[in-house]
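Chains as they are written, first to last, in our numbering: chain X, 1 to 143; chain L, 1001 to 1509.
Hints may contain errors.
As the list claims (entries may be wrong) - Chain L is faced by these chain X residues, among others (derived, beta-carbon under 8 Å):
1) 9
2) 12
3) 27
4) 31
5) 34
6) 69
7) 85
8) 87
9) 98
10) 102
11) 122
12) 129
It is worth saying that the hints were derived from the structure and are not from the lab.
For each residue, glycine too, the CB sits at the ideal point set by N, CA and C.
The lines below spell out each chain.
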Amino acid sequence: MSGHSNWPEWIYIGVVVALMVWVGAEAWEAERLVEHVPEGAETIVVTGQQWFWTFEHEDGTKEIGELHVEVGKAYKFEIVSKDVNHSFNIHDYVVLMDAIPGRVNTVWFAPTEVGQHDIQCREYCGLIHYNMRGTLYVEAPSS
Amino acid sequence: MVLELQKPRPIWQIMFSTHHTDVGLLYLITSLAFLFLGGSLALAIRAELFLPGAQIIGDAMTFNRIFTVHGTTLIFLFILPFASSVGNYFVPIMIRYKDMAYPKLNAIAFWMIPPAGALIWLGFADFTWYATPPYSIISAPGPAADMWIFGLKILGISSVLGAINFIVTILKCKHPDMSIGQVPLLAWSFLSSSLIILVAIPTFAAALLMLLTDRLGVSGFFNPAMGGDPIAYAHLFWFTFHPEVYVLVIPAIGMMYEIIPRFSRKPIYSYNSGVFAFVLLSIVGFSSWAHHMYATGMSFTEKTVFMVGTLAAVPASAMHVFNFIATMWNGRIKFSTPMMWAVGGIALFFSAGAGGVANAAMPLDFTTHDTYWVVGHFHLFVMGTIAFGSIGFLYYMFPYVTGRMYNEKMGKIHFVMSFVGTVLVFFTQHVLGLYGMPRRVFDYPPIPEWIAMNQIATVGAMIIGVSMVIFLANMIYSSGKGKLANTEDPFGVGGKYYYPFEAKNPHHD
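Using the sequences plus the hints, can you model the full thing?
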């Protein structure tokens, strides 16, 4: 329409598109690696319900509101819900997965250092959503 | 010409009028009323979060109801009606027609809003603005939840009626001498956003009915206990409400397209690129809805598809930003109040977009999802971009609506305080999200970083609150006692205005 040349806009759009392609490719590559569950990961069943978390280890031991794991092992969480949607979150390890009734979602992590971390619910689930919290204890290997 | 205050008329005459400027005025006053109502809820939320523990709101249930009604109000009862107000005032004049295509339908679409607003406010539901099942089915207390559902139902119908009206007005009623390529960008923005509404809204309208019957226990679409799937609701909801983000933002961009060239005293850099970006945004807006759902257990392939769809919307938004900057480049810019709001809005639009790219990238989303990062991110859009564009445009149309000028100094103070406040609240909330604070929480553990950042955000919110009081006082005082505006050129920047002084309201004769 207007008489001026448009080349600055084309260059600019080219730069934006190139940036987006780069972000997309990096994200794709990173997510592909993150989603690959290592072999031999121990399974922990995580159950969310209003308003606490229950953890069941492979050997059948159950914990409520607390989760004890060992450094150096890989763990696969199988996340389920008994009532409404929740979201299981260990922010320090970027573990985040929704607990949805009728579904089993999985996510894995491998703790690297001994310590304590917060566990919380990140999906609105009603009255005491704000206090649906727990603690992750990463301990030194027992054997 | 709409000088309501210079030629007073009985209020019922405005209320029962179908003339586009009268309906525009009704939309305007309604939307501003809800802006102040919804905004005061935001201040209550921020005051509560100033420190851990209960502050001013006694219990979690009240807090949950407050943030639900806050979001619902500002999106559906402020932003959308405000855009309709601008569209009503300006679209018929820009396409040179005497009124909207269907004036009675126009008035009906407006009059659906007050009862819907009443349902939402009298109910005061607690299930967040996206009413996620199964919580909304098995846990949310009635009748608040049911009133919310009916309120949203009515608002959806109102939106569809308004959208049909804008589309027909622009495509069928424009002056025969005017080609579609000559329709001003503000009118184009209403054409694009109305087309999105027609495609997007029916999906949520269906989901709302399903949610209601689920609540009544006669169906189990989204109730896992009856074999339903809550994720189906999430898809239906976001299929409507991701495109709805563009319904909200596109008219605000259109308003900036009216303000920026005017105060830069230059024609728009590229009209074609503006039109192209509007059309492109309204198409790619439909390819990204499930980026809200990465953490629901989607497969790697699904996530990849929706990440690509989301990133595809970035170049189109970036074209608008380029267009604004290129228009201002070498212009003789006059920083009157509307221009300051528009430029501030563009800066925040850019920041919001940059944060959005981080959200879209799959692995980063698992850090930010459902934390305060997301709250900060979308508020940079709805407050930083859309409300800034809208408030700037309100200052711009003020002389047209009232025939008087607002107080320029107060307008600038309002802008500076709001801009500083917005940056303090929402940039801080991004960082707070990276520290892991979940959204929609009534209380939080006393983690020092969380406390510090919540306090910064609260201070910012209070600054915005004070600026809004200044704004209200300015609007009320100036509309009655302000200096008379030079209606040919109220801002002293020259050029041809779309100010519709030729638009004759039959009631004024």
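Verification of the supplied hints:
no. : hint : result
1   : 9    : 6 Å, holds
2   : 12   : 5 Å, holds
3   : 27   : 4 Å, holds
4   : 31   : 4 Å, holds
5   : 34   : 6 Å, holds
6   : 69   : 19 Å, violated
7   : 85   : 6 Å, holds
8   : 87   : 6 Å, holds
9   : 98   : 5 Å, holds
10  : 102  : 3 Å, holds
11  : 122  : 4 Å, holds
12  : 129  : 7 Å, holds
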